[in-house]
Amino acid sequence: MGQVREVDAAEITRAVRELCIEINYKVPEDMVAAIRRAREKEESPIGRQILDLLIRNQELAAEGEYPYCQDTGYTVVFIDVGQDVHITGADLSDAIDEGVRQGYREGFLRTSIVADPIFERRNTLDNTPAFVHTRIVPGDQIRIQVDAKGGGSENKGRHAMLKPSDGIEGVREFVLRTVAEAGPDACPPGIIGVGVGGNFEYAAILAKRALMRKVGQPHPDPRVAAFEAELFEQCNALGIGPQSLGGTQTVLAVHVETMATHIASLPVAVNIECHAHRTGTRVI
Amino acid sequence: MPVEILEDGRKRIRAPLSDEDVRQLAAGDVVLVSGVVYAARDAAHKRMIELLDAGEPLPFDPAGQIIYYVGPTPEKPGHVIGSAGPTTASRMDRYTPRLLELGLKGMIGKGGRGPAVREALKRHTAVYMAALGGGGALAALQIRGQRVIAFEDLGPEAVRELEVEDLPVWVVNDCEGRDYYEQAVAPWRRDEALPEGLRLGARG
Numbered sequence: 000m001g002q003v004r005e006v007d008a009a010e011i012t013r014a015v016r017e018l019c020i021e022i023n024y025k026v027p028e029d030m031v032a033a034i035r036r037a038r039e040k041e042e043s044p045i046g047r048q049i050l051d052l053l054i055r056n057q058e059l060a061a062e063g064e065y066p067y068c069q070d071t072g073y074t075v076v077f078i079d080v081g082q083d084v085h086i087t088g089a090d091l092s093d094a095i096d097e098g099v100r101q102g103y104r105e106g107f108l109r110t111s112i113v114a115d116p117i118f119e120r121r122n123t124l125d126n127t128p129a130f131v132h133t134r135i136v137p138g139d140q141i142r143i144q145v146d147a148k149g150g151g152s153e154n155k156g157r158h159a160m161l162k163p164s165d166g167i168e169g170v171r172e173f174v175l176r177t178v179a180e181a182g183p184d185a186c187p188p189g190i191i192g193v194g195v196g197g198n199f200e201y202a203a204i205l206a207k208r209a210l211m212r213k214v215g216q217p218h219p220d221p222r223v224a225a226f227e228a229e230l231f232e233q234c235n236a237l238g239i240g241p242q243s244l245g246g247t248q249t250v251l252a253v254h255v256e257t258m259a260t261h262i263a264s265l266p267v268a269v270n271i272e273c274h275a276h277r278t279g280t281r282v283i
Numbered sequence: 000m001p002v003e004i005l006e007d008g009r010k011r012i013r014a015p016l017s018d019e020d021v022r023q024l025a026a027g028d029v030v031l032v033s034g035v036v037y038a039a040r041d042a043a044h045k046r047m048i049e050l051l052d053a054g055e056p057l058p059f060d061p062a063g064q065i066i067y068y069v070g071p072t073p074e075k076p077g078h079v080i081g082s083a084g085p086t087t088a089s090r091m092d093r094y095t096p097r098l099l100e101l102g103l104k105g106m107i108g109k110g111g112r113g114p115a116v117r118e119a120l121k122r123h124t125a126v127y128m129a130a131l132g133g134g135g136a137l138a139a140l141q142i143r144g145q146r147v148i149a150f151e152d153l154g155p156e157a158v159r160e161l162e163v164e165d166l167p168v169w170v171v172n173d174c175e176g177r178d179y180y181e182q183a184v185a186p187w188r189r190d191e192a193l194p195e196g197l198r199l200g201a202r203g
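So the sequence lines, in the order shown, correspond to chains C and G.
Using numbering that gives the first Met the number 0, the final residue of the first sequence is 283, and nothing's skipped along the way.
Using numbering that gives the first Met the number 0, the final residue of the second sequence is 203, and nothing's skipped along the way.
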């Protein structure tokens, strides 16, 4: 059994604050590369023009004066806490929210969260609360991944409880239909995160986790990787293209995550990420 | 002149627009928008419709004007605005016909519009245009001034008067019922690579 390591909650706050600012101005390198690959492959002239504009938008944002997109997102935080860590000084969730509060204020980022969904819908004016997924893992470190997730593409996500007899073809059709119906609203070209298996809620979390992978990195299971490659081809066959002005590059990658499920079930969730893919990681 | 045709075929517009101006804008046209546009999105639209229901005046007279669906980031010192790209237009579909009845002539957003709005565009001779979705930093460079004119408590959703210069957009839905997305995507779709249930012929 490991020694208990103490981590001051202020370190978590600092990491979250820095990541919120960093990712909203500087698109991660794997995403920059993915957009450039799409620019090389796009056959439609208008599609190439749009991708050139997105590259310019990335470069302009990286100068630090204007965030990449005005929707600076839901702040989604994936935090893996080593079981030998003892967090001191503040509650974990308060520490994360304080990082969001500071990051959105100091970074001149838009506050996009309303406190309740159906009554007042009053803006909290500091982008809190963050949407946090916590895991307790072996070790004495804390890994924090922050994602600034745009609302427009989030709205186009879909979830279904398919029947086991629907099988892989049912999953395929559901994914393609979701991407087709999202069309221009989800700001293509983006990343398609697919969660298959688990139960009702795990499928959705898997889909979100799928988006956190390096863009285009295949799943380690070759069967899943082959399915990802087929879905990638077929999403692009929809012809939607950059900004839905027609073209061969509708998606930059399809990532599928799977897990165990019930004998009665085939849950599937599709979480769409726009071209404003903003995520970053710190290890404490 | 509200609609100016440039040498390269692009068009430059400036509100207020008349019916005749709107008729010169066809789906697929690339348009540079200059002059005043009004920033309003979800919460501001809801409040504007509530004002109309209560018989009260709107924060601005929509007749002849253009609404830009945008909620910008806060401006850094020395800038007039932060990032300011468009938000999804279809969320405003529920409110749009009321504003078109009052003479609203143009809207800028991203994504498609529903059948009721497309019909209303024909009926009221108005146009829906899309700006570069997710291109918030580039859009900021085309904005010369901003002033919050109503609903300041809504923060990023407050109604703003924006002064823009050559903001590039393309006409998606014109006043004759055309839809540029449908026209643009069709030639690139490879039905033969798709499962049968998704092929266009098979769609009910």
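Accuracy of the hints is not assured; some may be wrong.
[To be verified] Simulated pairs of lysine to aspartate or glutamate, EDC-like, Cα-Cα distance not exceeding 16 Å:
no.: 1; chain 1: G; residue 1: 75; chain 2: C; residue 2: 229
no.: 2; chain 1: G; residue 1: 121; chain 2: G; residue 2: 100
no.: 3; chain 1: G; residue 1: 75; chain 2: C; residue 2: 62
FYI, nobody ran anything at the bench for these hints, they're computed from the structure.
All figures in this text were calculated on a predicted structure; none of them were measured in a lab.
Right, here's what the structure says about each hint:
no.: 1; hint: 75/G <-> 229/C; in the structure: 44 Å, violated
no.: 2; hint: 121/G <-> 100/G; in the structure: 12 Å, holds
no.: 3; hint: 75/G <-> 62/C; in the structure: 13 Å, holds
Violated hints amount to a single one, hint 1; each of the other numbered hints is respected by the structure.
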